[in-house]
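> With the hints as extra help, turn the sequences into a complete structure.
One line per chain: the protein sequences are A and B, in this order.
For the first sequence, the numbering used here gives the first residue as 158, with consecutive numbering after it.
For the second sequence, the numbering used here gives the first residue as 28, with consecutive numbering after it.
One thing to keep in mind: the hints can contain errors.
[Claimed, not checked] Short derived list, chain A residues pointing at chain B, Cβ under 10 Å:
(1) Gly391
(2) Phe392
(3) Leu394
(4) Pro396
[What the hints assert, rightly or not] A few chain A residues that face chain B, going by a derived Cβ cut-off under 8 Å, partial list only:
(5) Lys275
(6) Ala409
(7) Arg516
[Stated by the list, open to error] Straight-line Cα separation of at most 25 Å, SDA-like style, residue types lysine to any residue; simulated pairs:
(8) B:Lys165 <-> A:Arg387
(9) B:Lys178 <-> A:Asp456
(10) A:Lys426 <-> A:Ser566
(11) A:Lys388 <-> B:Glu232
(12) B:Lys178 <-> A:Ser566
(13) B:Lys178 <-> A:Phe494
(14) A:Lys433 <-> A:Glu400
Simulated from the structure, these hints should not be mistaken for lab results.
Note that CB positions come from ideal geometry on N, CA and C, so glycine has one too.
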Amino acid sequence: MSATTGGSQSPAMMEEGLIGRFLRATEIDTRMLGMLAALFLIWAGFDLYGLFFKPGDGLLGGQFLTPRNLWTLLVQTSSIAVMATGMVLVIVMRQIDLSVGSVLTTIAVAIGALQVYKLGPLLGVGNPSIWIIAVVAGLALGAIIGALNGALTAYAQIPSFIVTLGGLIAYRGLAFLLASGVTIAPMDNTYVLIGGYGPAGSIGPVWSWVLGLLACAGIVLGILRGRQQRKKFGFPLRPVWAEVTLGAIGSAMVLGITAVVNAYPWAPKVIENYAKEHNITIPPGTLDASGSALCMDGDKVVRCVSGLIFYNGFAIPVLIAIVVGLVMTFLATRTRFGRYVYAAGGNPEAVELAGINSRKLTVLVFTLMGVLVGVSAIISSARLNAATISLGQSNELYVIAAVVIGGTSLAGGIGTIYGAMLGALLMQSLQSGMSLLNFDSAYQDIVVGVVLALAVYLDQVYRRRAK
Amino acid sequence: MTHAHKQPTKVERSGPPLIEMKDISIAFGGIKAVDHASVDLYPGEVVGLLGHNGAGKSTLIKILSGAYTRDHGDILINGEKVEISNPRDAKALGIETIYQTLALADNVDSAANLYLGRELRTSWGTLDDAAMESECRKVMGRLNPNFRRFKEPVRALSGGQRQSVAIARAIHFNARILIMDEPTAALGPQETAQVGELIKQLKAEGIGIFLISHDIHDVFDLADRVTVMKNGRVVGTARTTDVDHDEVLGMIIAGKCPPGAVPGPGALQSASAAA
Numbered sequence: 158m159s160a161t162t163g164g165s166q167s168p169a170m171m172e173e174g175l176i177g178r179f180l181r182a183t184e185i186d187t188r189m190l191g192m193l194a195a196l197f198l199i200w201a202g203f204d205l206y207g208l209f210f211k212p213g214d215g216l217l218g219g220q221f222l223t224p225r226n227l228w229t230l231l232v233q234t235s236s237i238a239v240m241a242t243g244m245v246l247v248i249v250m251r252q253i254d255l256s257v258g259s260v261l262t263t264i265a266v267a268i269g270a271l272q273v274y275k276l277g278p279l280l281g282v283g284n285p286s287i288w289i290i291a292v293v294a295g296l297a298l299g300a301i302i303g304a305l306n307g308a309l310t311a312y313a314q315i316p317s318f319i320v321t322l323g324g325l326i327a328y329r330g331l332a333f334l335l336a337s338g339v340t341i342a343p344m345d346n347t348y349v350l351i352g353g354y355g356p357a358g359s360i361g362p363v364w365s366w367v368l369g370l371l372a373c374a375g376i377v378l379g380i381l382r383g384r385q386q387r388k389k390f391g392f393p394l395r396p397v398w399a400e401v402t403l404g405a406i407g408s409a410m411v412l413g414i415t416a417v418v419n420a421y422p423w424a425p426k427v428i429e430n431y432a433k434e435h436n437i438t439i440p441p442g443t444l445d446a447s448g449s450a451l452c453m454d455g456d457k458v459v460r461c462v463s464g465l466i467f468y469n470g471f472a473i474p475v476l477i478a479i480v481v482g483l484v485m486t487f488l489a490t491r492t493r494f495g496r497y498v499y500a501a502g503g504n505p506e507a508v509e510l511a512g513i514n515s516r517k518l519t520v521l522v523f524t525l526m527g528v529l530v531g532v533s534a535i536i537s538s539a540r541l542n543a544a545t546i547s548l549g550q551s552n553e554l555y556v557i558a559a560v561v562i563g564g565t566s567l568a569g570g571i572g573t574i575y576g577a578m579l580g581a582l583l584m585q586s587l588q589s590g591m592s593l594l595n596f597d598s599a600y601q602d603i604v605v606g607v608v609l610a611l612a613v614y615l616d617q618v619y620r621r622r623a624k
Numbered sequence: 028m029t030h031a032h033k034q035p036t037k038v039e040r041s042g043p044p045l046i047e048m049k050d051i052s053i054a055f056g057g058i059k060a061v062d063h064a065s066v067d068l069y070p071g072e073v074v075g076l077l078g079h080n081g082a083g084k085s086t087l088i089k090i091l092s093g094a095y096t097r098d099h100g101d102i103l104i105n106g107e108k109v110e111i112s113n114p115r116d117a118k119a120l121g122i123e124t125i126y127q128t129l130a131l132a133d134n135v136d137s138a139a140n141l142y143l144g145r146e147l148r149t150s151w152g153t154l155d156d157a158a159m160e161s162e163c164r165k166v167m168g169r170l171n172p173n174f175r176r177f178k179e180p181v182r183a184l185s186g187g188q189r190q191s192v193a194i195a196r197a198i199h200f201n202a203r204i205l206i207m208d209e210p211t212a213a214l215g216p217q218e219t220a221q222v223g224e225l226i227k228q229l230k231a232e233g234i235g236i237f238l239i240s241h242d243i244h245d246v247f248d249l250a251d252r253v254t255v256m257k258n259g260r261v262v263g264t265a266r267t268t269d270v271d272h273d274e275v276l277g278m279i280i281a282g283k284c285p286p287g288a289v290p291g292p293g294a295l296q297s298a299s300a301a302a
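Below is the structure:
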């Protein structure tokens with residue numbers, strides 16, 4: 158233990174404020190902190206705006222900071238967030254994939270048609286293997302299309318911009334042919350749960366709390382393990398107060414989100430149907446339209462404040478997105494594959510001279526991207542309970558925007574998975590905030606475009622100052 | 028010319044050479060970058076490769092390090108023919124290279140660069156960053172004791188520090204043959220002297236070194252023999268004890284092979300008459 162934290166207290170460090178000391182001690186990514194701040198500002202702004210122009214029961218008097226809206230926001234973000242995690246690696250490796258939107262449409266239509274036209278009649282509608290076959294087929298199709306993109310880029314040496322621009326156009330055509338211009342619906346009953354469709358598409362409050370607490374335990378274990386590892390090799394340790402604060406903030410955020418999703422009740426109609434199906438008696442009470450529970454007012458079912466109520470908890474697509482985020486972070490930071498992707502983005506020649514097969518690496522990255530598009534295709538079509546050719550439209554732009562807002566450099570070599578997922582959440586917040594306030598979609602597009610440019614500008618200012 | 032003829036150093040040349048590149052040719056789109064070139068290197072020997080920019084020395088050496096695949100010729104290690112078709116093959120044979128460009132991934136830290144392509148892994152198969160950083164601290168401690176910036180991407184490091192990382196990567200994996208392409212180009216006088224010391228130390232350990240440079244003084248100080256190339260061809264090879272600076276300059280500029288040198292195919296035809 159030659160180097161300890163106490164030894165290098167220079168006067169400059171003593172002078173820096175409490176926040177500066179906190180940031181240094183916890184080694185938090187300040188950029189991520191900035192994004193979180195921007196996100197909370199946007200949320201608060203929408204809710205405050207609502208207070209004056211469209212009041213609701215949100216935290217600040219609008220309609221944005223309500224459990225219902227935040228729950229929906231998370232579900233809406235999940236599809237783009239999943240693809241953004243893959244796009245980070247693609248862009249870090251100095252490539253681009255413009256085809257993800259059209260590929261999503263193609264996969265959604267293909268596995269929609271598979272379950273509705275083929276598997277349904279063949280195995281009988283509702284057969285429990287239908288959703289599994291559809292999911293496997295979707296992921297496999299994504300992998301094949303991704304591998305093709307990668308092979309054309311790496312081996313045929315066509316720039317990925319061109320390969321995937323061609324893909325953007327061609328797969329849109331293919332999807333149209335596959336769908337023969339009609340909406341394919343309905344999807345399998347189990348399949349739709351993947352999209353969070355219906356009350357069974359969420360895991361309920363009990364399991365949500367279990368997962369939330371497990372996540373907290375994970376955070377604590379992670380911090381302890383990191384400390385142990387640093388101790389073992391005699392690296393400088395973070396001060397204990399910093400570790401504790403970090404763990405506390407992380408856990409508080411996890412539990413806060415859990416509390417929010419657990420506060421979003423089922424729709425009254427859904428509760429009524431569920432009560433009927435399961436022979437649950439609805440307690441008596443008086444009508445109160447502001448409540449979300451159900452009561453029996455005489456022989457009439459009415460809304461009331463305290464009566465029969467069920468809450469959603471985490472929606473399945475949100476959990477899928479979180480798991481994808483964790484797996485992708487693991488791949489990016491803890492495996493050789495991820496190390497090579499980042500190194501190749503920093504200096505392709507260095508990777509080549511180190512004896513790494515960078516062509517194979519390119520194919521792998523695009524294949525992974527394709528599989529993630531498959532995941533998103535499943536989530537989107539399940540959430541809609543239908544496959545249409547409008548699914549996935551312009552998604553490539555939102556995915557790339559999310560990744561760039563999340564701090565990934567288009568020059569390659571730099572980018573984080575969590576940044577991209579936060580970027581997706583930020584973009585979705587803007588969009589749903591504006592539609593909540595009945596902004597015209599034309600204005601929404603303008604705002605999103607301006608925010609994209611602004612985010613990149615701020616990022617560059619930040620990086621220049623960080624140097 | 029104070030040290031035109033230096034004290035001969037002992038290099039055992041009785042056995043087969045450590046490396047022998049025989050009759051190597053490579054062409055890029057009709058241009059013969061290397062044209063029937065032959066060089067050899069014995070254990071514990073430093074051979075300087077000299078020549079103008081574009082003389083073919085870097086290309087020849089990239090064939091040895093596996094970055095290029097030759098069109099023609101043989102590579103022998105300890106007298107046995109070997110096949111080198113990519114950098115991985117070369118590394119497996121104990122050939123390590125310090126490239127002129129350093130070939131560092133600027134966006135990752137020094138430990139990640141040190142182990143690029145040869146990462147240490149935990150029993151779970153994941154990257155063992157802590158172990159790699161720990162090893163990196165040891166190696167860098169030997170090469171550059173003042174180095175502390177282990178957590179920063181190498182982009183943030185000074186030229187000398189980056190060079191140290193590249194050198195550390197080449198010597199950390201028990202190289203038998205070391206190729207140094209302009210190893211001191213980015214360095215100050217003190218760091219250059221350090222590299223010189225390092226070369227002497229590695230030489231003493233029996234490692235063979237190809238030293239590519241266009242600084243003839245550097246090469247004269249460190250090399251046992253020089254091979255001069257011009258227009259992709261070898262002008263000649265000489266022990267540094269048998270020739271002086273002017274003669275070597277004559278080889279580089281005019282392709283004139285002095286009497287103390289063994290002429291190659293690139294030597295001026297009238298060289299013997301002129302001498």
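> Run every hint past the structure and note whether it holds.
Quick rundown of the hints versus the structure:
| no. | hint | in the structure |
| --- | --- | --- |
| 1 | Gly391 | holds (8 Å) |
| 2 | Phe392 | holds (7 Å) |
| 3 | Leu394 | violated (13 Å) |
| 4 | Pro396 | violated (17 Å) |
| 5 | Lys275 | violated (39 Å) |
| 6 | Ala409 | violated (28 Å) |
| 7 | Arg516 | violated (12 Å) |
| 8 | B:Lys165 <-> A:Arg387 | holds (16 Å) |
| 9 | B:Lys178 <-> A:Asp456 | violated (70 Å) |
| 10 | A:Lys426 <-> A:Ser566 | violated (47 Å) |
| 11 | A:Lys388 <-> B:Glu232 | violated (35 Å) |
| 12 | B:Lys178 <-> A:Ser566 | holds (20 Å) |
| 13 | B:Lys178 <-> A:Phe494 | holds (20 Å) |
| 14 | A:Lys433 <-> A:Glu400 | violated (50 Å) |
Violated hints, listed in ascending order, are 3, 4, 5, 6, 7, 9, 10, 11, 14; each of the other numbered hints is respected by the structure.
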